[in-house]
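Asker: One-letter residues, chain by chain:
Number of protein chains: 2
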Amino acid sequence: MCELLGMSANVPTDICFSFAGLLERGGRTGPHRDGWGITFYEGKGCRSFKDPLPSSESEIAELVKRYPIKSCAVVSHIRQANRGAVKLENTHPFIRELWGRNWTYAHNGQLSQYQRALRSHHFLPIGNTDSERAFCWLLDQVREKYPKRPSNMAPVFRFIASLCPTLKELGVFNMLLSDGVYVLAYCTNNLHWLTRRAPFGKATLIDSDWVIDFQQETTENDVVTVIATQPLTGDERWQKMNSGEWVLFKQGELVSRGGE
Amino acid sequence: MCELLGMSANVPTDICFSFAGLLERGGRTGPHRDGWGITFYEGKGCRSFKDPLPSSESEIAELVKRYPIKSCAVVSHIRQANRGAVKLENTHPFIRELWGRNWTYAHNGQLSQYQRALRSHHFLPIGNTDSERAFCWLLDQVREKYPKRPSNMAPVFRFIASLCPTLKELGVFNMLLSDGVYVLAYCTNNLHWLTRRAPFGKATLIDSDWVIDFQQETTENDVVTVIATQPLTGDERWQKMNSGEWVLFKQGELVSRGGE
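Chains A and B are the protein sequences, given in the same order. According to full-length UniProt numbering, the residues represented by the first sequence are 1 to 260, in order. According to full-length UniProt numbering, the residues represented by the second sequence are 1 to 260, in order.
A couple of the hints might just be wrong.
Unchecked claim - Quick partial rundown of chain A residues pointing at chain B, CB under 10 Å, derived from the structure: (1) G45; (2) K87; (3) R96; (4) T195.
Derived by calculation from the structure, the hints in this document are not laboratory data. Note that the coordinates shown come from a computational prediction; the quantities given were computed from them, not determined experimentally. All residues carry an ideal CB built from backbone N, CA and C; glycine is no exception.
Assemble the whole structure, with the sequences as input and the hints as a guide.
Answerer: So this is what it looks like as C-alpha cells:
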C-alpha cells in the first residue's frame, strides 16, 4: 500500500507541515520506501518533484519540506511498490495534458486482471503500473465523452467519479485527481479529509513532534482542505470516507459528493 | 532570446558543470531572468525542475547544480520572455506523452503569425507561448503520420527535422527535442555542440571560474555530447551549427544530420 496526500485551498498555501508528516512514513515510521512524488499547481502550470529513493532519505524531499511552495491544489504520493518495479516512470503522481490543462493523478491500492479491462487509445502508460493504466483509461473515457473542453468542469469530475466503481471492482482503488482547480478523492478503503477554516487552532503531527499554530499562519478567510490516507494530525477531527464514496473540492470547499 | 542546453550520453552522466555555466546567464552574466527548467530522463521516466524565478536566485536551481542527477538525456532552458507572460505554464521544457513515451522540448527564438499556421488537435498548449504551440503542432504532425509507435525512432526524428523549416519561416526557431533515447537539435541562428570522449582533458566555464578535469570524472568509454546556444567552455572546440541545420544524437554519438 501507498499513502496519498492532497490539498485544495482558496489562497495559495504551502503544504510543508502535512508533507513533513507524510515523509516520515516514507521509510521511517512507515514501510513506503519505494519512491515519492508531489505536484504543485501554480495557475495553469504545475511542477512536480519526484524521486525513486525513499522520501526519508531524499535530498529533494528535504528541499520540498523546507521550501514553502504556495499552491491552491496539490497531489502527493509515497509508494510501497506492488505492481511495477521501483523506477522513476512508475513514480506517482502521473500527469497528462487534456484540453490544454494538466491533469494530475495518484493511486493507492492494487488492481487485478486490469490489462484487458483497461485498454486505452489516446493516453498510454509510460511505466508498467496498474495505477497509471487506470489513469490513462479514465482520461480516455473523459476524452471520448467530451471531445472538447466543457465550460463547467464539475460534471466532468462527477463523470469520472461514476467510472471509479468499475476500478474498485478490480481491487483496491483510492485515488486523488486534479486539473489544478478541482481536487477529486475516491475511496475504496482508506482515505480521510478535513477542512481548516477560522477559528484556527493548533495541530500536532502524529509522525513527528512538529506542532503548528494555524492562527499564526493564516488569515480568517482562508479555507484549506487536506486529504490523506491516514490522519496526519492527532488533535483534529478527520472525516473517514466510506467505501465507494467520493468528494470533490474547489478552493478548499466541498462542492459535490456521492457514493454507492 | 533564451538559452538552450542539451545532453546526450552513453552512460548516465551528471550535467552539474554545464548547468552551472548556464545558470550564471540566468540573471547574473546574462539577461535571461524569466525562469528556467531542466528535464532529466532516467529510463522511460523523467523528472523536471522548473521555476519562474531567475535561475541565479532560485533555491531549486542551487539544488540541481549541486545534486548530481545522472542521466543519458537532458533538455534545459533559461528564459527571457518575449511571447507569453512570466508564469510557470510558460516555462520550458514542455512535455507530452506520445506512444507511452515522454517527449521533452525547449525552444529559443520567436515566431510571428503562428496562431493560424500552427493549429493542433491531439496536443493543445497549456500556456500561451509560441514555443509550446510549435511543440504541439510538431507532435500532432508526428501522430498523424505515425498513428502507432514505429519500432525504429530515427525516421521519426528525421520527419520532425523535415518540419522545422516550416517553423523557421515563421521566425527564429532553435530547438531541442528528446524522447529520452534520441536528442534532436535544430538551428536557425544560434546553437553549438561538442562531443567529449577519450582522451579527456580539462575545461573551464566561460561564465564562472569552475575548471573541471574530465579525466578524473569519466571512464575511457564515456561519450558525452553537450548542445548549447553559446559555447559554455572557453578551452574546447565547439561546433557552430549552420542556419537550417539539424543534428541527431543517440548515446552521445551523432547518428544523423542534415540541413537546407
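Asker: Each hint should be assessed against the structure and marked as holding or not.
Answerer: Hints, verified against the model:
no., hint, result
1, G45, "holds (3 Å)"
2, K87, "holds (6 Å)"
3, R96, "holds (6 Å)"
4, T195, "violated (26 Å)"
Consistency note: the structure conflicts with earlier hint 4 alone.
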